Every structure is written in C-alpha cells, then in structure tokens.
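Student: In case you want the letters, here they are:
Number of protein chains: 4
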Amino acid sequence: MAAGPIPLGMVGGGEGAFIGAVHRIAARIDGQFALVAGALSSDESRAQASAEKLGIARSYGDFRVMAQEEAAREDGIRAVSVVTPNHMHAPVSIAFLDAGINVICDKPLTATQEQAQELAEAVRRSKARFFLTHNYCAHPMIREARAMVAEGAIGDLRLVQAEYLQGWMSEEVKTKQASWRTDPAKSGAGAIGDIGTHAWQLAEFVTGQTPAEISAELSSIVVGRRVDDDVRVKLRYASGAKGGLWASQVALGQENGLSLRLFGSKGALAWRLQDAEALIFTGKDGQSQRLTRARDRSESYRTPPGHPEGYLEAFGNLYRDIAEVLRGDETHLDRIPGLSDGLSGMAFIAAAQESSAQDGAWVRIAT
Amino acid sequence: MAAGPIPLGMVGGGEGAFIGAVHRIAARIDGQFALVAGALSSDESRAQASAEKLGIARSYGDFRVMAQEEAAREDGIRAVSVVTPNHMHAPVSIAFLDAGINVICDKPLTATQEQAQELAEAVRRSKARFFLTHNYCAHPMIREARAMVAEGAIGDLRLVQAEYLQGWMSEEVKTKQASWRTDPAKSGAGAIGDIGTHAWQLAEFVTGQTPAEISAELSSIVVGRRVDDDVRVKLRYASGAKGGLWASQVALGQENGLSLRLFGSKGALAWRLQDAEALIFTGKDGQSQRLTRARDRSESYRTPPGHPEGYLEAFGNLYRDIAEVLRGDETHLDRIPGLSDGLSGMAFIAAAQESSAQDGAWVRIAT
Amino acid sequence: MAAGPIPLGMVGGGEGAFIGAVHRIAARIDGQFALVAGALSSDESRAQASAEKLGIARSYGDFRVMAQEEAAREDGIRAVSVVTPNHMHAPVSIAFLDAGINVICDKPLTATQEQAQELAEAVRRSKARFFLTHNYCAHPMIREARAMVAEGAIGDLRLVQAEYLQGWMSEEVKTKQASWRTDPAKSGAGAIGDIGTHAWQLAEFVTGQTPAEISAELSSIVVGRRVDDDVRVKLRYASGAKGGLWASQVALGQENGLSLRLFGSKGALAWRLQDAEALIFTGKDGQSQRLTRARDRSESYRTPPGHPEGYLEAFGNLYRDIAEVLRGDETHLDRIPGLSDGLSGMAFIAAAQESSAQDGAWVRIAT
Amino acid sequence: MAAGPIPLGMVGGGEGAFIGAVHRIAARIDGQFALVAGALSSDESRAQASAEKLGIARSYGDFRVMAQEEAAREDGIRAVSVVTPNHMHAPVSIAFLDAGINVICDKPLTATQEQAQELAEAVRRSKARFFLTHNYCAHPMIREARAMVAEGAIGDLRLVQAEYLQGWMSEEVKTKQASWRTDPAKSGAGAIGDIGTHAWQLAEFVTGQTPAEISAELSSIVVGRRVDDDVRVKLRYASGAKGGLWASQVALGQENGLSLRLFGSKGALAWRLQDAEALIFTGKDGQSQRLTRARDRSESYRTPPGHPEGYLEAFGNLYRDIAEVLRGDETHLDRIPGLSDGLSGMAFIAAAQESSAQDGAWVRIAT
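Protein sequence lines, in the order shown, are assigned to chains A, B, C and D.
For the first sequence, my numbering begins at 1 and goes up steadily by one.
For the second sequence, my numbering begins at 1 and goes up steadily by one.
For the third sequence, my numbering begins at 1 and goes up steadily by one.
For the fourth sequence, my numbering begins at 1 and goes up steadily by one.
Here chain A stands alone, though its shape is the one from the complex:
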C-alpha cells in the first residue's frame, strides 16, 4: 500500500453518539485512515466542542461547506464517514459524492424510497465511490461462509433463517439513541430498517441470492410506539428455496442476537454473532464441524487463532478493504457492501411495509 494514512472526514458522530465512535475505531484500528475533518453535529458549537475533544483538526458547522472546502484543499479528505440519523444519509452523501469525495455511509441507505433513488443517481453520476457499512458481512467466518456456499459446500440452497434480536426497546426508551430511531420522520422505519436490513443483507451476502417475494408482519409491540419493533417475514426465492427473517427490538434480554442458518441439499451452515469466530458446518452424516480461523481464507484477522476478535475488528475489516480500494487495489471490492446492497435493503423495507399493510400478502421484491 501507498504510504501514510488516508485523510478522512466525518459527518455526525458527535459526543454521545454510538455509531460515530465505532466508525472512528474501525478507521483507526489498522492505521489506514487519519480523521482530520468533521461536521460532527448540526449544532455548530457542539460540533466544534466534539471535534476538539477528539483532536480533529478541521471542524465545520455545515456539511455542504465541508464538502466544498475539503474538495478544494490539496490535503483535503479523500473519504467521509456519514454517521447521521437515517434521514440525513442521502443529503450528506450526495453533497460529498457531488464534490468528488468518497463516501462511507452507515446503514440503512436512506429514510425514504425517494431519497434512495436520489442517492442512487448521485452515486451513478459521481466519480467517487459509495460504501455502505453493513459491517456484519465483514466477519471473517461470514466471508468464509460465502465462499463455501459459492463453492457448493451446501449444495442447492433450500432453507434460510436470519434473525436479529435485541431487547433494549422492550419498554419506551428516552435516550438519544432511541429517540430518532422511533421517530418515523428521522428513521423512516423501526426495527426493520435499523436491524432488519442487516439480517437481510447478511443472508443476501452469504447466499448470493435475493428473495423474489416476501410476506411480512410488522408489529409495534410497545404501546404508543410509532414505528415497528417486531418484524416477521417469510421469504420465497426464485430457486424454490424458502426462508424466514425475524428482527425484533423487544426480545427482552437479547443483547444483539444476530444469526444466520442455511440448509442445502448437501450441507448446512450456521453462524451467530455471539460466537462470531466459529462457523458450524454440518454434512449429510449429521456430524457438525466447528470451523475456525484455520479455515478462514479471507485473511481478515490481525492475531493468531484463539485470540478473540469481534465487532470492532469486523467493522475495521470494512475500513481496511475500503482503504485498499482507495489506494487502487480492487482485489476485495466485491466483498464491500455498496449501493446495490443499500437499494436491496430499501426494496426489502418497501415490500415488507406493503405486505404488512395488506395483511401479509406476498409482495415481489423490486429489482
């Protein structure tokens, strides 16, 4: 790789924000990026205070100004991390894409379908790249699972089950994290957008297949909640495979229970975030193998086998791959989520909402 860290900017992610801090660690862990500019808050003085505390050299009160000025500087940022609430993903990303600056955007793609289309157009017209941080697909054993499925290790895909269960919204939550997520104007959707799209993308990434149609039941279990907090979806694939997706933020006691199970004509694969470094493969004989790093071919680890890596390292894998691409090496481009993943997630949300509104009628996924 070329010498020196890549100058990086950030929009959103001021003090108290969860995902902004995660992006900063992910960018820093391998020393590939230097965070030098930011518009960390829409409130200019808060933005400034956060930037100072984080040692970020250039603080902006307005992301559009930031895009313009950074694009104009010789030492300006080459990429920006967009870690705002969902409704700002599109305008921020578009501003930077139009300024020729690469975008690393948090998921889901946008809050609305209209925004998704606008952003898609911006990506297409820009020379800059657009990355979407569906971080879970960057876990090494998920990459291994994808390779195994592609090689035919499980034969023809038959059954898919993706789950993403959290319990932290089992009651009305008043924190900053919760407030924008439960405001339809800022989030666009509830659990389905916040975590359902992760499960959707994970299944799509590993299987290489997008469901053809879905039947959904979106519920608001907590009384008075204005967005969905429990999502149950049945999946039909064009190949004849069947599946299910369950995402919930009222599964009391579940911290962050993401899992994927695949059954095929020759074998089965299972993975769960809480044991992220293992991939369970079961063949026809019913004997299961616990595959670990010795099996990993993605070269996504920093330490020898048995030294647990997890969420931040996987997130860092995305940033490391993105750095590689930005330095001109596209070897791993196909494993970095981007616009198409984002659009698929938005199509999933739209179809699920439509199906649920029609009492579970099967709805085709737009392609």
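To be clear, the hints were calculated from the coordinates, so they are not data collected in a lab.
Just so you know, not all the hints are guaranteed correct.
Chain B residues, not near chain A, derived (Cβ > 12 Å throughout) [stated by the list, open to error]:
(1) ALA72
(2) ALA216
(3) ARG236
(4) ALA238
(5) LEU262
(6) ALA278
(7) LEU333
Keeping only pairs whose Cα atoms sit at most 20 Å apart, straight-line, the calculated PhoX-like set for lysine-lysine is [as the list claims (entries may be wrong)]:
(8) LYS174(A) with LYS284(B)
(9) LYS284(C) with LYS174(D)
(10) LYS186(D) with LYS176(D)
(11) LYS174(C) with LYS266(D)
(12) LYS284(B) with LYS266(B)
(13) LYS284(A) with LYS174(B)
(14) LYS174(A) with LYS266(B)
(15) LYS174(D) with LYS266(C)
(16) LYS284(A) with LYS266(A)
(17) LYS174(B) with LYS266(A)
(18) LYS174(C) with LYS284(D)
(19) LYS186(A) with LYS174(A)
It should be emphasised that the depicted structure is a prediction, and the values quoted were computed from it without experimental measurement.
By construction, the Cβ of each residue, glycine as well, lies at the ideal position given by its N, Cα and C atoms.
Add chains B, C and D to chain A, keeping to what the hints say.
Tutor: Frame of chain A, contents of chains B, C and D only:
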C-alpha cells in the same frame, strides 16, 4: 399407589417400529405397567411373532377382537397404547374407548378432521380416559417453564418462537418409518402433523395460550414428495402477542431440534431439547440464569441433579402420571395431554393447510 | 437371546437409597431382568417393607441366607445387584459368588485393600461372574472414543485430563447418602473412592493405559471432615504421556461434572457428562468435529439420533450387556467393567493415599 | 484527559513479529498514543524498513541510543513498548527507565532471575513507571470477577483451577515465533514462561492471593525440545485453599484456551477466553448466572452489550489505563499489572523449575 403394575395392551408397534418401542420403555421404566396383550401388527402372524419376541402373553390379530376380549377378562388390560400410523388412531382408540378401556394414543390425534370429530365423540361418551402422548411437554424443565409463566415470571407474553427441525427426510427416504409418513392417506399431513403439532402443543402448554389466527406456508422441498416437509407459520394471539412456528424435516443435519423461546414484558425463557435439563431465564437486566433441577418443582426426576435424563424419561413421566390417574389420584391430571390438545393440533393443521392454499392468508383457529 | 427376563436379586437399596433405585431402573429399562428377591436392608422389617413396596416376591433379612436359598431354588436368581455401602461390597459379593450366583456390584470395589484381595480370590475360585458398575464407561460416545483411540485416531497419547466435580458436600451434610460416605469405616475413602475411581476407570477404559505412577494431594476442605473431599493427582504413564485427575465434592455448584480430555500426536478427544451424546474430536488443523450418534458404532442407543439419552440409559447399557453375557453371548464382554477395573481403582486409592501422606511423592501403581 | 496522543516508542516488533503488531493496535485503538519512534529490530536496516512501512517517524538501530536521544528531545517519547524476546526485556527496560522514560513491557518479566532483580532495582530507582502487559487481566469480566471476589461473592476461596492450553507446538515448529521461544538462552523457560505466567497472574489478580507453595511437573513432550512444553502444578494457599495450574503448548487442536475456575464457600466463578464476555457465577443453589456487560462495573467497553469485544480490546484497555496514569489520573493504577506481577511470575517459574527438578517436591514461593 395401589400395589402391582397396571395391565397394559398395545396396538401397533411390531418389530422395526420406532414409537412402539419407546412406549414400551416409557411404560416399563418406573415399573407401573405390565404389557400383557397386543395387536402389534395388522398381519396376524407378524403380530404373533413380535408378541413372542417381546414376551407379551396375549397376541391378537384384530384390535377389535382384542378390545372385546380384554374388556371381558377379569384380568384384562386397563389401558391400551395406540402406536399405529396416524390413520388408524381413531378407529383403534374408539374401539377401546367403547369397550371401556383407557387409551394412551400417540400424536397427532388422527389423520383427518372427520376422524378427529368421531374420536372426540367417542371420548365424550366413554367412561374411559383418553391420553395423547405429546411427550415433550413432560420434560421437567418444560413443566417448570409452564409454572413460571403462570406465576408471571415473564410478565405479559409478547413473542413466541417454536421450532422443530429435523433433517432425515432431506432426500427421498424409503424406510418403513418414512413411507407411511409421506403417504397422505396414512399420515393426513407431512411435517406439520408429525412434528409441527409437537411444537404447537409445546407452545400452548407452556404459554397457556392458543393463537387466534395463523398465516402458513407449507412446502414440499424434496421434488415429488406428496406431503409438506417444511412448515413456516406466523402466529397472532388474541392478547396481541405475535409468534412464529417453524417445522421442517429437510433441515439437513438437524437430528431432532425442538426448541421454544418466549419473550414477555418482564422476562424471557428459552428451552431446547438438546439441552433439555436447562431452562434459560433472562430478566430485564439481560443477565441470564441457567435453571436446572434444583429449580424443578414437578418432581419429575429419578436421579439427583447432574445425572442426565432425557427423552425416554420424559416419555416415562407421562406414563407415570397416567398410572397415577388410573390408580385414582388426579393431582397431576392437568399436565397430561389429552383430547383438547389433540383437537387443538388438528385445528392447527386445518388452518395451516387452508392458509397455505390461500397463499398465506390469515385464518382463524377453530375453537 | 433366550426368552424371558433373567431373575435378579438385590442386596441393599432399601427405601431412600439412591443407587439401588438406579440399578432397578437400569435392570428394567430393556426388560432383560426381573427383580424377584432382595435383602434390601440389614434391618429385616425395613427390608420387608421395601420389598413389598417394590413388588419384590422374596424378601430376606440376611444376605447369606438369601445366597444359600436362592442358589438352592430351581427358579432362583441368576444374578444379584450389590448396592450396599462400600464396606459390605466384599462380604456380600463373596457370599453370592461362593453360592455360584453372578454378581453385579456397585463401585468402588471394596472399602479396604484387604477386602479387595479377598474378593479377588472369591472371583477367581467361583464359576460365577463378577461385574462392577462403572456406568460412565457405558455411555455410547465413550465406547466410540475408546474405539477411536484404539484405531489410532489421536495418534500417540500425550496428555490426559480427567475431572469429576461435585459440590453437594461443600458443607457438612447430614443425609443418609452423606453419612456413610464420610465415615471412613464404611466408605474406606472419601471423594477418591466415591467419584475419583470413576474418573480413573473412565480414563483407563478409553485410553487403554494405566498410569505407572502418581503424585497426589488429598484434602479435607470442610473442617472436621474425616475423609478427603478434594483430590488432585498428577499422572505419569510408562509411554511418557502425562496427566491429571481432579475429583472434588466441594466444587460448589457443580452438580455432577465428569469430563475427560485426551491429547495425542495426531488428534484430541473431549467428552463431558453434561453433553454426553457428543464427542468432540479435533485434528491437527484445529477444526473440531462434534461427533454424535451417526458415528456411534456400539449400537448402544434405543432411540433415533436427537432423542437425548443419558445416565439411566448408559447404566442400562451395562445391564443389557450383562444380560447378553448371562445368556451365553460374550461379544461385548470386554466392555463390561469387572474385577480388574476394581483392583485398578483400589490400587489408585492406595497409591494416592500413600503419596499424599508422603507430601506428594511419586508412588508406583501396583500391578 | 489532556489533549493529544502521548508520543510512544517501540523496541522490537519488526515485520513478522506477532506481539509488536498487537501492541501497536492496542496503543492505537483508543487514540491515546502516537507511535513516533522505534528500534524495531536489532538489524538496523530491517529496523529502518519496518519503521518506514509502519510510518514511524524516527527509527533507531540501537535501543540505548534511542533511549538517550528520545529522553533529550522536547517532543520525545513519554513511553516505550518493549516487545522483544524475553532475554532482552531487562536490558531494554532498564535503559529506558534510567533515561526517565516510562516502560510498557511484554511478559514474562525477564528470561532469568538475575535479570529480574536488576530490572526490579532499575524500577525502584527510576522516576518513570513500569507496566507489564499481562493483558488477560484487562478483560472487563475478569475485572468484574476480581471485584466480586473482593466483595465476598464466593465467600472463602477453596479451590482454584487455571488452565492455558495451546496446541501449536505439538510438533517441532521452525517459525520465528517458535525459534526464540524454544531456545532457553532467549526465552529462559518454555510454556511456563510464555503462557504459564499468564495463568498464574490471572489467578493471582482475581483471587488476590498468591500460592504459598507449589509442586510442579515440567515436561518436554516433543522429543528433542530444550524447554518445557507441558506444565502441571499443584498449588497450596496459606488460607488452606488448594489449586491446580495446567499450561501446555502441545494440547493439540487448542488454539488459545485460557480459563479460570474458582470455588468458594458461598459461590463459584468461571471464565474462559473463548467466551470472554461472560462470567459464570454459581451460587449455593447450583443455579448458574451468565453475567455479561450489564454487570460490568469497570467501564472497559467501547460498544453496547452484544457487540463482541475480545483480545485486542482487552489489550487496549491496558493501554488506555496506562494513558490515564501517564496523564496524571491514578484512579485505575491498581488494575494495571506491573513489577510485582512480574516478580511473582518469576518466583513461580523458579519454584516450578526447582520442584520439577526435585521430582515434584513442594517448594515455597519466594516473597
């Protein structure tokens, strides 16, 4: 209890049969029954050979004759285990009920809805009792789970997920076990009847609630199979709780994966057959407890904590409770499955088949 | 097999006894034995009451009388289960062996080394057989482990770790179960005899090797206890392999934690009672396989894969194999523990006590 | 905290080195340090090449020169990470301590007991601080375990079992990582120093007690190996508690199996690295609780519960705490390992080697 084992008969369960052998062990493990009569096969000479091999004193070629003659003997059987294929459950049970002999019938209740009604009438007009061996609800920690839910340990029920996954029918299977199960005339249904009703009953037993309506997708994954082999169902409860049930016999590599997860407003419970002696309770603080026998209040164990008991012992728990009832003690009658469980299972099958035929439309469960 | 259950007697095992009830179930589960005679207690009226409650036809107040009379009857017992406290194992067993009746004795062999020698002589002079119920070696996956080791699956044995941890004696216990176990005159030893010999035999059974010398630390953790309650032993094998054995009855919270880990030059095996139906094999590549019944070659199961069997079934496996031998088929004789296992356990106790008395000096195992 | 990262140096850790890369990530993950100077290899040109590749501004060919020059610079490093083979820990650390530069040294303390004494004197005479990266004690749930033990959650400590099992040296290994570790002149000891001291320190950290005497068996299982590769130690505590420590690098298939189990008079605690975010607490009732982050009071996490953190994050916890101390806040000083931990580890090595040489005689731990 009164002295001496209770004389027991059996219909079905000749050589090579799986569930007949299980019933025999379950009846024998606590020494409460003595198997003294049988019509083990519809083929008289095979019935005789099986009976001899098993040391059963009286062998019959015809179950109706057996019912009549045993009812007439002073030392005749007081109960009969019905372990035939599904389509024979009704005629056999009715013959014994009408002869005044108690019936211990394997699940599902019957092969058809019409048979279910006929059997229900026979139960109502008989002085004898009818028990249905939904054995999984007799695992001690399932009994404990039921008690905890009833006491309010998880608060209001919000989410239910029941799964029963097997992989043994991932290809066309030609064994005796498989042949009647995949013949609609003998089984009445596929995975939904064979294992789906177990998951349904387990959820009903523990929660104390029956879903009000369901939306189902029944699939025949293996090409040419005439019954369903994968069943996905969404559940709506009158209380507002939502749920899912997934039963599959093409989940390759899964031996016998039954599990139940409940989430409420105050706590969550999880149980799975492969770790049957543990019940995982999670409270609002997200800390989970692995409850074991020290917590069991059902007095359903034969050995001290840490000496693993499993499938046969749970099955034996049903027989032990049935013996207690037959000896006149009804203390535990309410935890033995019977006609109402069977009818609920049949209503589940009917609604699921109707929903699936209507492309997943929500269908009410008949009550 | 020849027709009809084998007539069985029992000495010890009156009301409230733990292991007597276990033997009765193990004898009954496969229908191979009929319990027809007993001297269930040294108190004649208690013996009689227990026998009646259990439906045992012939009750004796004196085991010597029982041995004589049963040997004289044409329909007398062919085998006797000895389930007394340790100090009675030898006199009871000798009485029956001398009467020509086969003995199924609970472990450890005897309370003292002198008794062990007397019993050994009785076995050698008798035409009857002597079996010792080290039940854990009858778990199907332990039998599979033994076969794998014998076949060279792990290469040369290098490291052994056997553990048997219980917590029920973490405080002074006043129950009947505890009282004789903590009385040196009745038990001969503490945790080392009660559970240490199980761990010793399990390791010996699976590896096929007996340690050449040991260094032991026996402790009485609970103040005032007259026998050891924690046992730590280092093992040296003639082959150069090294090992450890840890048995404790003050490992608070442990219900019945028996486990065995083996590491060789080519592979490793791990088994634990709490997941008794799995055997974990790890090869040089570090990838582990969870071997289950599909791998079992011992034909020791009663139900299809995934229907959990456990402690009672494994105990029953011994009784089933013993019945087979008594009926004249010695196919599985070599997997039933007997005198040599008992003598090895006694040699282990003697060496451990000597080593501990000498502050952990290495002591050779007598052969 | 004061603004800006702390300037850091590194000795050792050139290309291909494992632990150097780990220290760099640990220093970087929270943005508290900037690596600006290094003597990454004793080979000056290799040192230079590594430094360039890593973007380290100042490269030195000699660590003594580095210590002098950095001490003299106004913007010189305030701390140095010592990540050389063991035999260089002392000379390097002493050079920097004597130059007034804080030292962050990898474990074990030194290769020899003489070096340990020299280093101890250097620490005592220096105004700079000395930290030792026993990283495992920085896992949040280990910190929680220590707090619980201190609060009396398990009552009086009775039994300790610490294990550290690796399999990577099951055969002769020729890599750079293995070569110095198996050269007594460079490592000073084998598995006991490399991983045994980790297990020793972990037990000491959590229990707050150092064993009074030990009995050890050091083995070289792989033929021709000049250092120990399997270590079995019995522990006696002054309090009467007993324990065991097992460290092996020939436990084939084990990646990095560190675990700690404690049993007390009121409760038990268990932790293992492969499930590092859980702490299992078992009370007298035998019911176990899986304590997770909601229970953590050390504030050592960067992400919400359920987002797995592991080895690098724990290592980073040490660096973060060290940064805090270097900035003047000693709140968490007592949880950062230092000289006393190092000396305890060296005393453990000395006593174990002496005991093993004396065929397992009990040897007192020097204090």
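Student: Against the structure shown, which of the earlier numbered hints fail to hold, in ascending order?
Tutor: Violated hints: 2, 3, 5; rest satisfied.
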